[in-house]
Amino acid sequence: MTVIAVAGGAGKLGRAIVELLVEQGQHIVVVLAREGAQVIAVDYADAGKLAAALEANSVETVISTINSLGDISAELSLIQAAEKSASTKRYIPSIWGIKYTDEIASYFPIAQAKFNTIAALEATSTLEYSAVLNGYFADYWVVPKVKSYQDPMPLVVDMVKNFAAIPGSGNELVTFTHTFDVARFVAALVGAPKWEKESYIIGDKVSWNQFVQYAQEAKGVKFTIKNDSVEDLKNGRVTELPSHVHIKQYIRRLEQRLKNVEGALKVSSIPDQGPSHTSAEPRDKHGISPVQETTAADKVQTLDTIWPREITRSVTQVKQNISYLEPTVFVPLPPKEHILHFISSSLEDMHQLRPLFSIHDVLKLVDDQYAAGLSNYHADPTRWATLNTLAAICIHWKTDNKSIKELFPISWAYFRNAFAVFPKIVMRGNSIESCRAMLVMALLMKGTADQNAFTSLMCAAAHASHCIGLHLEDVGGSSDFIDIEKRRQIFWSIYVLQCNASINLSLPAPSGEVEVEQPGQEHAIDASSSTHLLRHMSTLALIQSRISRYLCPGSSLWKSSDRMFQTLAELDGDLESWRTGLPTEFRQSTLSRVVNPGIVQLHSAYYAATWEIRRASGKLQDLPLTSIGQEHPSLVLSAPTPTHSARATISLLQRLSSQPIAALW
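Everything in the sequence shown is counted per our numbering, starting at 650 for the first residue and increasing by one.
You may find that some hints are simply not true.
[Claimed, not checked] Derived pair list, reagent style PhoX-like, types lysine-lysine, alpha-carbon separation capped at 20 Å:
1) Lys868 to Lys810
2) Lys868 to Lys796
3) Lys794 to Lys868
4) Lys748 to Lys846
5) Lys1208 to Lys1268
6) Lys796 to Lys661
7) Lys1013 to Lys985
8) Lys794 to Lys810
9) Lys883 to Lys985
10) Lys843 to Lys738
11) Lys985 to Lys1047
12) Lys748 to Lys854
13) Lys1095 to Lys1047
14) Lys738 to Lys698
15) Lys875 to Lys810
Just so you know, the hints here were simulated from the structure itself, not pulled from any lab data.
Work out the full structure, taking the sequences as your base and the hints as a guide.
Have a look at this one:
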């Protein structure tokens, strides 16, 4: 008798196949499953042990029903093991469905995964294989009325809610096959002397319109029917089935679980430094412990170096599963010539605040996105989010205050396009483009009253920048000057936002030494607008970071008035040195009658920092003396008084050209 191994035989389809094979009694059936089932426990990640298990049980045929979705690592390992096994000659891969095309694979990751599985089998030299193509599992619509190990799945027709969303005309024929019919087919197939590379089984062929008629007759109720045209489907507009609400709740729970796992990973990734040495630990002159010096290789760690392979594989699979969530396209992008003119007209204003895009960058974004499609976010979610956010920002910045009511809803529709793919960007946030996309989204929200959304997006961008090592000068590995400057500009743009938020919103400031060199001369829109504005913002941000850390209520410096007095004097001196070191064209005393928003932001950040110095100075006068009888020396500050700062800020705002409310917020 032939020995057949069913991988995933304790699962849904696998269980049905095992049951039929055992019932026929013509083969010896063994079940391969992950440890925990009362079967042959195997590690799908270890092809060598898998091959030994197959040989030890004289397995001739392997039937894979592994539910891998986009992660086919277990399937590939099983194929490798089957080829190594001297007894194994045949293999049925976990395809079970329809024959996908290259076009479908271009936007559907599961289809591409199936292609990769077949490619791995084609590369073997000893295995005969056949992929079973059965269409849809009919079980999804008939459980629990008909025996099945499948779970109900609302696709097109929602049997529970009596609702149907018909794609296209609904007249095309669709294949449906019950899993036990598939199992009977497989039981016959394993006994066939020769296999074709594709084996087809058709339980029934009906159109979706016919399907709905049968469902209405079977249930004796009238279904609500919606039709999605092909054009709507291409643009990402799909009618949502009522039962999908429950699926969303499951996904939310899944996302929360993932956050909990990632939180545990972060905690566990902190290496054990051994017992603390509170007395011998070196400190700087302010009593703050320095960051331990490590190399870039020490700082950038992968999950594989921290956790066992089984855990990292599970986390990776959960991330990939989450990526199958289908975002909503709230509005397609406008015609190409419109968006090019629109963004180009706003790019110079944007560059005055943050030098994140050159004209070449924008042209490439637009060309690539429009080549993919006006509503295609599948090909590159990061590009989709970036372009939609740029469109939203341009509307915000170019809208006259009298037209806000009419135009802002359009702006928010584009931003919602971007925010809909935000989970995808976060989960795949392993590129400088991902950091930039999140940074641009944060800049848009900075011009609104929603500071929670702004800080959340800003922190996400900061976290992503650390994950790819933007905070380490030696990680990029690029010798291209433009690429290096791009990395520096994005890092410092995020860092400046963080430090400004630490002063304005009382958030924690970035801590630790900054190893990244400050940006050089920025690549401006044209030669005449080239400035060093970000460089001066970055220098000020370093001082802001120290102000936030040293003067926060929990700082140990408040325990000693002497140390706090010395710190205030040093911070005040640093601010004054920064102010006097500004180029003439940036000094408020020499500014022209009309200034750009970037210079206003620069001076506003300076005045906010001086206010913190003044506030701490006032608090210092109420502190007890460190030594009895000792008096505080007179603290003479260079920082302007709050009254002077307020008047100077008003003067700056008066020199701005007419600006929309979003730019002034």
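Here is how each hint holds up against the structure:
Between Lys868 and Lys810 the CA atoms are separated by roughly 11 Å; this keeps the pair inside 20 Å, and the hint holds. The straight-line distance between the Cα atoms of Lys868 and Lys796 is roughly 18 Å, inside the 20 Å bound, and the hint therefore holds. Restraint check for Lys794 and Lys868: the C-alpha separation of about 12 Å stays at or below 20 Å, so the hint holds. Taking the CA atoms of Lys748 and Lys846, the gap is near 12 Å; set against the 20 Å cutoff, the hint holds.
Pair hint Lys1208 plus Lys1268 holds up; C-alpha atoms about 12 Å apart against a cutoff of 20 Å. In summary, the hint linking Lys796 to Lys661 is supported, as the alpha carbons are separated by about 12 Å, within the 20 Å threshold. Taking the CA atoms of Lys1013 and Lys985, the gap is about 12 Å. The hint holds against a cut of 20 Å. For the given pair, Lys794 sits about 16 Å from Lys810 by alpha-carbon distance, which is consistent with the 20 Å threshold.
For a cut-off of 20 Å, the pair hint linking Lys883 to Lys985 stands: about 18 Å separates their Cα positions. The straight-line distance between the Cα atoms of Lys843 and Lys738 is roughly 12 Å, inside the 20 Å bound, and the hint therefore holds. A distance of roughly 19 Å separates the Cα atoms of Lys985 and Lys1047; the hinted pair therefore holds under the 20 Å criterion. Between Lys748 and Lys854 the CA atoms are separated by roughly 15 Å; this keeps the pair inside 20 Å, and the hint holds.
Between Lys1095 and Lys1047 the alpha-carbon distance is near 16 Å, which keeps this suggested pair within the 20 Å criterion. Simply put, Lys738 and Lys698 have alpha-carbon atoms about 18 Å apart, close enough for the 20 Å limit, and the pair holds. For the given pair, Lys875 sits about 13 Å from Lys810 by alpha-carbon distance, which is consistent with the 20 Å threshold.
Checked against the numbered hints above, the structure violates none of them.
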